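Peer 1: Okay, here's what each chain looks like letter by letter:
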Amino acid sequence: MASFRIRFLPEGHETTVEEGKTLLEAARAANVYVGAICGGEGVCGKCRVIVREGEVEGESTEFLTRDEIRRGYVLACQVVPTSDLVVEVPPESRLGAYEDIGIDSEQFRDFAERAGERLTAELDPVVEKLFIVLPEPSLDDPTADQERLLEAVSKQRSGSLQMGLKIARELPEALRIREVNRSSWTWKWDGRVTATVGLRNDVKEVLYVERGNTSDRNYGLALDVGTTTVVGHLVDLTSGVTREAAAKYNSQIEYGADVINRINYARQPGGAEVLHRAIVQDVETLIEDLVERTRVGRGDIHCVVAAGNTAMLHFLLGLQADLIRLSPFVPSATNPPPVRAAEVGLRIHPRGLLYTLPMVGSFVGGDITAGILVSGMHQSEKLSLLLDIGTNGEVVLGNKEFLVASSASAGPAFEGGSISCGMRATCGAIDSIRMFRDGRAISATTVDGCPPVGLCGTGLIDALSEMVIAGVVDRAGRFQVRSAPDHFRVSEADARPELLLVSAEEAGSGRDVIMSQTDVENLVRTKGAIYAAADSLVESVGLSFEKVEKIYIAGAFGNKLDTSSCITIGLLPDVPIERIQFIGNSSVAGAKRAMLSRRMFEEVNRIRERITYQELMVDPAYMEKFTSACFLPHTDLARFPSVAKSLDGQRSRISTT
Amino acid sequence: MKVPDVKENWSGRVNTVTIGATEAEGGTRGRTVTIGGASGTALLSFDGEMPNPPAIAMEVFDKEPAAWPKPLEDVYGDVWSDPPAWARRVRELGADLVHLRLLSTHPDEGDRSPEEALETVQAVLEAVDLPLIVWGCQVPEKDQNVMPKIAEATQGENCLLGAATETDYRTLAAAAQAYGHKLIALAPCDINKTKQMSILVTDMGYPLEDIVVYPTTAALGYGMEYIYSILERGRLAALSGDRLLAQPVILDVGSEAWRTKEAKAGDEFAEVWGPARQRGPAWEAVTATTLLQGGADLLVMCHPKAVEAVRSAVNQLVGKELTVPVG
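Going down the list, the sequences are from chains V and X. Start counting the first sequence at 1; every next residue gets the next number (the numbering used here). Start counting the second sequence at 1; every next residue gets the next number (the numbering used here).
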C-alpha cells in the first residue's frame, strides 16, 4: 500500500500516512491540532487547511467558496492525500496559544478575595505536611517506629490513621542515620521527619515520610475539567496562595464538540482510551507549564482536586461514560474516593492523591457543586439562581432551605461552535462589539488586542444584542435586509445575505468576519435553551424570576460579558442588574476551596446530598418554554420591560422610514 | 342542594374581523362577513356570547384541480376550469365567502404571472359579490410578486389575504396594510408561534385587530387532535385576556379532509367503508364540526353536503331550528 509524506506548516511537523487516511487523521498522527468540532464528519467546516504542494482528492463541500477552493483550501476531514503534501494550517484552524486567564481576573477579584479571606482563616488542606520530632526509643520506651509515628500524628490530628506497607518499610531509615564504620554500619537516631498526611474520606493516610523539615513545600493543583477548556491553578497549601494559573483547550474537542458526541466517540473500539489519554495529557501539559513558571517541583505537588461535569470527570478517571447518555442516565460513580494520581497517569508526587468533587447525576456534575459552594447560595437566606453557561447549561435554584438543579443541552454556540466565525476566547477573538446605530460602522475589542479573527461568546452576545436594538434582525432573529440594507452583503458560498463585521483586509486571518442567518438561529436556540431551563426550574417550585434575589453567572465568558446585552437577547431575565453577579470560573474556584479546607470539602458533599435534580427534558412544558424563549428577547415581551423600551424606540424609527 | 355555578368569568374576548366591503364602504360586495367576537368558549351559550356564528368560505381554485375525487367532481366538474363560474357555483351552494387559491402561480403548477393571477381575481370579484379570501401559492419568492399586485388592484374590497409566515411576512403585511386588507398569519400548530407571528406583524405597524390566525389544519384521523388542543388552548388564553392570542382563526378543512385516503377512495371500498358519495363529505363534516368546538371562526370547505351538515350542527348547538341535511 502506498504511503505519503505530509508536512504541516507553519511548524513543519511531518508524518507519513497510508493511502486512504484523511488529512485530519494525518494531522492527528503528526500531533498537529486542526479544529474539528464535529469530530471529522464534514459537518462543521472548521478543519480548513490549505494544500500548498501536492494533490488530494475528496468530496466537495459547501463550507468553502469557489475562491477559497482555487486558493487550495480543503476540509481536512473530507480529503485524502494522493501524493506527498505540504499543508498549511491557517490561524483560524489552529489551537490558540495558551491563554493565561489570570489567577483571578479583575472582575472577580472582589469575590475571590472575600473567598480568600475566609480560606486563610481556616486553612486546613486535604493534604498537609506535619513536621514531627520523635523521642528516641529506649528500653523503657520500646514502641515500634510505625506506632511511634502514628501516635505523634494523632496528637496533632484527630481521627483514624492508616499507613501503607511501603512507608512502614522505609520508616526506620527515615528516622535514623546510618553511620558507616569501615565494612559495617550502625544506626543513629535522628527522629526529625515530615509526614505528609492526606485525607481519604474519613481516614487520614500517611502518604509518605521524609527526613527533616520539608513542611514548607506542599502544593496542590485545583482543576476545572471543562468540555471546552481545562484550567489549572497551582496553590501553595501552606499559605492558601495561588501561585500560578494556566489554561488550555480540551484536546478531546477533536473527537466531538459536546459531551454527547464524545461519549459516542468513546463507544468506538479504543475510543474511551483515546479520550482518557487526551485529557490526562492536557492536565500533564498544564502541570508542565505551571512547574516551569513557578519552579515548584512536580514531587512537591501532593494532590489534584478536579471539578468538572460528570462526563469529563468520568473520562479523567477512565470510568465507563456510556451509560451517562442512556436512559435511565446512571453514571459509573458520582462520588469517587480519592485515588493515587499516578493511577490515572498524572505525574505529581508518586503517592499524591487525586480528588474529584462529588457529582449529582449524569448531567449535573462536580462543576455545579463547586459553583454552589463558591456562590454561597446554599447558606443564604436569599433565593438565588446559579446559571452555569456552557455547552451543557446547568441551573440551580435555592437558598439555605433547598436546592434544585437541572440541566439543558444548550449547544456550543457561546463557545464558538456551530457559528461560521465562532472561536474561543483567545487572541483575535472579538469579545465586545458596539455598532453605531445609523451606519455599519462598528467598534469592537478583541482578546489581547490582536487583529480580529472571529467572535467568542461575549462578542456573539454583544453582536446579537446590537442587531436587535438596531433592527438589523427582527424579533425572530431574521435578517431585515430591506430595512437595513447597509449592513448586509450576499454570501459567496450560498447567495444568502450575511452580516459583514470585519472585512478580510482588516482581519487577522485574511478572511471576512461575518455572521450568517444560521449563526443567529443557533445563538437564539442556545440562549433559548438556557433561559427556558432557568424559567422551568423557577416555575417548578412555584416561583418567578422577580422573587429571585440573586443571580450568579458562572462560565468561561471572561471579563467582557455585558449584562445588559445578555438581557437584551433574553439569555438572562430582565431583573435589576445589581442582582446579577458573575463569579467567573466557579468550578476551579470551588475545587480550590475544597482543596484548602476539609470543612469545605465536607460542605461540598453536604451540598451534593441536598440537591434535588429536576429532569426538564422530559417535561412537555419545557419544550413550550423553549419555543417561547426562541424569540428576541422572548415571546412574552412583558417579561422584558427594559428591552421593550429600547425596542419601542426602534419600532418608531422603522415606521417613519 | 344547590348546584354551584362553575361558569368562568372571562375577562377577554376574541377580536372581530370584518371581511369584504359594500359599495357604501368603498367596495363592490353585496355584503360583508364578520367573524370572531366570542366572549366564551365555542358554541356554549351559557359560557358567553357568540355574536357571529362560524363562517364558511368555499374553495375555488384558479385552475382545474389535478386530483379531486369523484364526489367533488360531481359537484364542480363542469365549472372547475372556469374560476368565475366556480365562484358562482359556491355562491349558489351557500358559501359565506369565496376562497380563491392561486395555485397556478406556483412554479410547479403553471407558474402564471402576477398579471394573469390578477385577471382571475378580478373576474371572480365581478362574477360574485361575496367577500373574498385570496391565498397565494406559498412559495415566498412568487407570492412576494403576486400578492402586492392583487392587494393594490383590489383596494377597497377589504379582502382577507394569506398567508404571512415567520420567514416571509413583510411584503404581504405591508401590502395588506397599504391597501386596506385583512391578513392571515400562519403559525403552525404552536401557541408560541402564534404569538410570535402576531408580534412580528404588529412590529411592522400592522394592526393586531386585523389579523386572522391560521394554525394549519389536520383532518380526522391525521392529527386533528393536535389542532384541536391548540385551538382550545389559544381560545382559553384569549378569553383569559391574552391579547396576542385573541385573533379569530381560519382553518383549511376542505383540502385537508379531501387529502385523506378515506375521503378520496372510491366505491371499490364501499363494502367496508361505505359509499364514497357519503364518506368524503362525512369526513369533511366531522373534521369541521369537531374543530369548530375547539374555537374556529372561519372554515374553508369543499363539499356542499359537508357545509350543510356543519351549518345544521351549529344551528342545533346554538339552539336554532333543526334542519336535516339532505342525503
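Read the hints as simulated data drawn from the structure, not as lab findings. Treat the hints with caution; some may be incorrect.
As the list claims (entries may be wrong) - Sample of chain V residues facing chain X (criterion: CB under 7 Å; computed from the structure):
| # | residue |
| --- | --- |
| 1 | Thr-143 |
| 2 | Thr-186 |
| 3 | Trp-189 |
| 4 | Arg-192 |
| 5 | Asp-474 |
| 6 | Ala-476 |
| 7 | Thr-627 |
What the hints assert, rightly or not - For each label pair, taking beta carbons as the anchor points, the in silico distance ranges come out as:
| # | chain 1 | residue 1 | chain 2 | residue 2 | range |
| --- | --- | --- | --- | --- | --- |
| 8 | V | Glu-624 | X | Asp-5 | 40 to 48 Å |
| 9 | V | Pro-641 | X | Pro-140 | 52 to 60 Å |
| 10 | X | Gln-155 | V | Gly-649 | 29 to 37 Å |
| 11 | X | Thr-34 | V | Val-490 | 39 to 47 Å |
| 12 | X | Gly-94 | V | Ile-260 | 55 to 63 Å |
| 13 | V | Met-623 | X | Pro-140 | 24 to 32 Å |
Treat the numbers as computed from the prediction; the structure is a model and nothing was measured. Using N, Cα and C, we set each Cβ at its ideal position, and we do this for glycine too.
Peer 1: Look at each hint and say if it fits the structure.
Peer 2: Now the hints, each set against the structure:
For Thr-143(V), the interface hint is violated, the least distance from its beta-carbon to any beta-carbon of chain X being 76 Å, above 7 Å. Here the hint on Thr-186(V) is broken, as its CB sits about 87 Å from the closest CB of chain X, past 7 Å. At about 81 Å, the closest approach between the beta carbon of Trp-189(V) and any beta carbon in chain X exceeds 7 Å, and the interface hint on this residue is violated. Because the smallest distance between the Cβ of Arg-192(V) and any Cβ of chain X comes to about 73 Å, over 7 Å, the interface hint for this residue is violated.
Checking Asp-474(V) against chain X by beta carbon gives a least distance of about 6 Å; that is within 7 Å, so the hint holds. Residue-level restraint check for Ala-476(V) holds (minimum Cβ-Cβ distance to chain X is 6 Å; threshold 7 Å). Hint status for Thr-627(V): holds, given a least beta-carbon distance of 4 Å to chain X, under 7 Å. About 32 Å separates the C-beta atoms of Glu-624(V) and Asp-5(X), a value inconsistent with the hinted range of 40 to 48 Å.
For the pair Pro-641(V) and Pro-140(X), the supplied restraint of 52 to 60 Å is violated, since their beta-carbon distance comes to about 34 Å. Against the hinted window of 29 to 37 Å, the Cβ-Cβ separation of Gln-155(X) and Gly-649(V) comes to about 32 Å, which satisfies the hint. Here the CB-CB span from Thr-34(X) to Val-490(V) is close to 45 Å, well matched to the stated 39 to 47 Å. A hinted range of 55 to 63 Å for the beta carbons of Gly-94(X) and Ile-260(V) is consistent with their spacing of about 57 Å.
Restraint check, Met-623(V) to Pro-140(X): a C-beta distance of roughly 27 Å satisfies the suggested window 24 to 32 Å.
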